[in-house]
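**Q** What follows is the residue order along each chain.
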Amino acid sequence: MENKPIVTCAGDQNLFTSVYPTLSQQLPREPMEWRRSYGRAPKMIHLESNFVQFKEELLPKEGNKALLTFPFLHIYWTECCDTEIYKASAKDDITKWQNILKVHSSADWLIVVVESEAKKKNKTNILPRTSIVDKIRNDFCNKQSDRCVVLSDPLKDSSRSQESWNAFLTKLRTLLLMSFTKNLGKFEDDMRTLREKRTDPGWSFCDYFMVQEELAFVFEMLQQFEDALVQYDELDALFSQYVVNFGAGDGANWLSSFCQPVRSWDGLILRKPIDMEKRDLIQKREVTLLDLRSYLFSRQCTLLIFLQRPWEVAHRALQLLHNCVQELKLLEVFVPLGALDCWVFLSCLEVLQRIEGCCEQAQIEANLSHMVGLWSYATEKLKSLGYLCGLVSENAPNSEDLNRTVDLLAGLGAERPETASTAQSPYKKLKEALSSVEAFEKHYLDLSHATIEMYTSIGRIRSAQLIGKDLAEFYMRKKDPQKAETYLQEALKTYLVEGWALPIAHTRKQLAECQKQLGQTEKNAPFNCGHTVEFRGLKSPWICPKSCFNYRYLDDLSFRMTKCQLGYLQTSSLLAGDAHLTEEERSHFCQEILKYANQQMSNQGSKVLLALDSLAQLKNLHFEPPTAVVHVGGTLSVEVTLWSQMPVAVCVDQISLNVHFNIEKNSYRKTAEWLTKHKTSNGIINFQNEVLGLAVSRQTMPAVELYEMHEKNPSDSSLNTSGVICKNTHMLLRWQESSTFLETPTPLSLNNSANTLKRSSVTLQPGLNTVTFSTQAKEAGTYTLRQLAASVGRLQFMLAHIYPLVQYDVYSQEPQLKVQPLTGSLLAGIPQKVKFTVTTGHYTIKNGDTLQLSNADAMPIVQPTEVTATIYSNSQEKCLQSTLTIQSSEKVTSIVLPPTPAYHVIEFELEVICHLPTATAEGVELVNGEVPKSRDWQRNESCMATSDQKVQQISIDCPWSIYSTIIVLTFSIPFKAEHTLLSAGRRKYIQICVQNLSDLHFQLLDNSLRDTCDCVDLQLLPLNARLQQIPEQAQPLEAKVPDLEKPKPAERQSWPSVMWLIGSTFILAVPVLLWKIIMILFQHIYSKQSVFFVWELVWSKEHPLTLQCCFSVTFCPVSLEKQFASLKPFSYEFQVDHIFSLYSVKADIFPPLGAEYCQTGSLCSLEVSIMRLSELQEVDKDEALMESNGYCTTKLLYEVVDNSSNWAVCGKSSGVISMPVAARATHKVHMEVMPLFAGYLPFPDIRLFKYLPHHSAHSLQLDADSWIENDNLSIDKNLDEQADNSSIKSRGSIHSSSSSDQKGLPMPRLQAFSSAQVFNSSTAMQILVIPNKDDRVLEVNVT
Amino acid sequence: MAVCVAVIAKENYPLYIRSIPTENELKFHYTVHTSLDVVDEKISAMGKALVDQRELYLGLLYPTEDYKVYGYVTNSKVKFVMVVDSSNTALRDNEIRSMFRKLHNSYTDVMCNPFYNPGDPIQSRAFDNMVMSMMVQVC
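Protein chains in written order, with the working numbering: chain A, 6 to 1348; chain B, 438 to 576.
The set of hints was computed from the structure by calculation and includes no laboratory data.
Note that this is a predicted model, so its numbers are computed, not measured.
Idealized CB from N, CA, C, for every residue including glycine.
Restraint ranges, calculated between C-beta atoms of paired labels, are given here: (1) B:550 / A:604: 50 to 56 angstroms; (2) A:370 / B:458: 38 to 44 angstroms; (3) A:659 / B:458: 45 to 51 angstroms; (4) B:550 / A:400: 54 to 60 angstroms; (5) A:400 / B:458: 33 to 39 angstroms; (6) A:450 / B:458: 29 to 35 angstroms.
Pairs of lysine-lysine residues, derived as DSSO-like cross-links and limited to a Cα-Cα distance of at most 27 angstroms, are as follows: (7) A:498 / B:464; (8) A:763 / A:624; (9) A:483 / A:447; (10) A:107 / A:60; (11) A:823 / A:838; (12) A:191 / A:202; (13) A:191 / A:48; (14) A:514 / B:464; (15) A:883 / A:838; (16) A:60 / A:9; (17) B:464 / A:334; (18) A:717 / A:732; (19) A:896 / A:851; (20) A:981 / A:838; (21) B:464 / A:484; (22) B:479 / A:498; (23) A:92 / A:148; (24) B:479 / B:539; (25) A:9 / A:107; (26) B:505 / A:334; (27) A:176 / A:48; (28) A:483 / B:464; (29) B:447 / A:498; (30) A:488 / A:521; (31) A:498 / B:514; (32) A:521 / B:464; (33) A:840 / A:955; (34) A:955 / A:1093; (35) A:896 / A:1133; (36) A:1200 / A:1233; (37) B:447 / B:514; (38) B:514 / A:732; (39) A:732 / B:447; (40) B:464 / A:488.
Kindly generate the complete structure, drawing on both the sequences and the hints.
**A** What follows is the structure, encoded as structure tokens:
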């Protein structure tokens, strides 16, 4: 029955009956807002009522707390429209009704007056209709006029009736809600009062429970399930708190009733909305903890399902079940063994079935995660029941188990009627499961599989595997290891991948047991199972078909073993090495392996392959020699360090290293130099230490290597992008691959190759072991260590891949001879040591083998007193020292090599000297030879030796080859000489500059300059005689000299006078120094420095046109003074032309008339006097010479140039003059110059050119460049440019209109004089210029 | 309070695991390992939330009859799992939270140790002591 709030009806029952259908239909149609007390949120509520006839018994008596039966509203119905009738009967009736209500102090009433038009029409003499209502209001509703309502024509379908109905219904709802608020508020207050009394001794939770539940019922009745649920939750929490307090020692009296021993464990009952049996028990205070919890939960479940929250049911159920188990423990309630398991099992299934009953399949599937907990819990409980009742075994349960089963079943009681018809009720299931071993297995497997499937489908693989492991245990008990193995392997895989050591060890232990059983069963019945794997001879590797079913190799059955046996061995070996097991366990498994290994081989079969990791780990590997490079025939040893995992010492028959041989294509790689250069390690290769089993997860990812990256714009080198790059992405990505790869175990396979390093009978002690392999290198190539194998009896432990890659190289080398200078480069002219290196390679040097050096004249070998050769072994260790015998004949020098074994190195040094070639000033000769007069006015080009290197070849015959070896040695020439012709008026000097190009310091001695033509009337007076005594302390002088080596263009003309200056300084300096170091005869020439020598040319008669000279100086390195005599001197040959001065130029600047000094800005006069110094010479005979009357003139162009802008030349700065060719002929030119600055100003340059007329027959190829437009003021543009040997500057100074069409026309040309031909006596002269008085600007430069 | 505390690396292998009744160690290993299922589930559900609003505390992972398993995940996906005895009803969510926070702080200290290689099992004595103190405060 559905509960609805009760409304009583008094008065005219017929009337009510007629109205009732409309009323009950209309009342719930519109919601009404219910405002609540205590700040609870208002609610919209659809009211329904149960209308009953008014009886006095319905009214609650004082103290009755029942709310369900409480009438919330009393209605009096009347149709009376007649005052008479009203007065006669109706009034009394209403009064009576009112009095009864008053007695029960019920103030919730309503009087309904129904009016009908029909009645009115019948009785015309009736009072106005309002009068009756007014009367009633007057009589009964003294202040509450709203307690009387008129309902007009309720049965008619008119708007008026509709209106009155609405008004009536609104009134009715309002009053009902008012009643609820009032009565429930009162009830709640009472309830709270009761709750506050809970510390009183007599207080009972059960009583309180009934009271609060009443409230819950009312809320439920009002469809307020949320509020109803709150009531139950409050009760739940209150009870839980009591239990917790009890646990803490604060026990309430009433709790003792809950501590009765559990006698019934029939599980939750969720199919009935209210379990009246249990409710009665509560009311009677006889309830047990489980009963109370069951009842409470069934109510909560009902409400939650009303609220469409089935998942919360599942959630709460699991919590409840766990909680109950805990509470029973806490309250120390006696529970028979297994009873709780039954209760939980039944409850789980009941909850699940209840949820399934109210939800659709799709909905359930989407919410499996909420349900799976219950499934798993049920499975767990069924399992423990099964173990308890002896149902998990091959045999039937014994009598003790049966008794227990019977007891447990008794506690279930009889099946409840509401589930009796259901085939799959939890009760039936449990009963059936406990009935027999087979039935239990069926139910348990069903449940387990369902749970596993659910877990898997929601992705809880680990949980699924844990249940799988339980199943495996179950199967093991049932002696069905084959099924168990699958589950164990699966779980083990996960643990391995995630690196959980303890579960790995435990699961492996189970697996070992399982595999052992499997192996035994299969041995008894070979070929029965698909797991057979065959071995055929040593050559064929172990074949491990992944799905081994239907796979057989029957052709050659020399040996056979099952996969499970193999698995057992593998697992055992892993377990034996697992540090998480106890020592005994490990020894046990170790013995198992050894037992198998030592079994007699039934056939001459192959060995069983197992992974080496389980037996021992490869820690490191060490090569001797450490470079891991040996020559053919050499010995190499490999020291392998193994960490034995076994708990006991294991005697290994043989340990072998499998080596892969590969001929290197790159032959250079095999040479000793390359190998020694590239392998600098100490020869120890360490292998990663992995904790066994954690291999996958523990393999630390390679660290990310990040580098800065800047990309610059190539055009302006501005930063385009900058960023960070990961340089080892390939490593990181490979890690990803390998991790997936490792999950599937690779089958071991033994690579048989010809190259194997072996050691027999090695005992591996627990812990570190060292095994040394040694081998003699045979073939040249690269050898890669691939696999490491250890065989114990029938077993072979394999390390399939050695990583990182380990290689050693064997090389074979051709004998080689190398000759290298001892120092960086060789210098010609002095004895120097060269190193001979003989790499013997595969050739053994026998007694009497010689190196034959064919002598070269330019490079004799200095006969040494004793030459010692050192012999080194391949690894650069010194072996032997022996003296070499050197025999020299005219053509050949033969060196007898000491007998040396192959792959050794002989080193010895020989001293050689390369004779210096004579340096010549070839460059000048060439130029002068072709165009003798091209370098008109410029000084003679300094000359240098042709080349500064000399290449020398030696041919050597080696004993190992029929061909000669050609060795090329390059010698640098240490000196460079340059000569310069200097003039002072008519006097001429030759300066030689010797520059030391080498890094060595030398001493010079015996310098000499002689004329090779042996002119009698020419004398070379050395000015250096005294100079030779200048010791190294005279550095100030020498330091100055190099500065003059490359004078700036402006200084060029001032050179001679500077030299004079130095000359005079020198003369001044010498007396001071002479007394100090008169004894030192050598002149030092330091590395990269120069020394100058000067001679004066003195001639008596006709001066020569050209002069052939040869300069020579003896030298010796400072470090080798004693060998001075043996060295050939350095000589330098050169030719000097145009020796004699033709003109002398002198300039003078005079201040303006009347002034003492020149002043800036004022014009001064410049007087240039050009004087012919000699008579007509051979040199003058050219086109410019004009002869008339035996009187010769030549044309000259002078030019005043001031490059430093000190002077402004006013007017013509250049001009052509006709110069008589006669000694002492003088030409003076005046011009105006203006000084621009104050101070000592150098004179402007005056240049002189030979002016050749345009009609000259010279046909020269003129460059376009040489056509330079010229104005009269400045022709200086290119004059300071050195004329190269091919071009002669020609200037169209007269024909100012120069254009391209003039190209090729003969033009007047200028020819420069050689520097010796013109002597400028005013070079480097300065004149004082005083500033103009108006100058206010003072320029100060601070540097 | 706690009976087992575990720190699990991002790749789900244990960095540290310690339980108080040592004889039951294996069971706790299994329990903690299984709880990773729920941790993964919760993390993937949480993945959608904004990073800065993410709650590190995962709450109750799953209850068993005897134990309650709580989870916590750091921003670097290192998981903390704590197993608490069910009978210990005095332990509220807030206390569990603060225990996790303490654990996280201590773990951060371990990480800050320059001699510690991330990914290695935690062997810090300070961390160990802290965990022990969390497990000892039973009464």
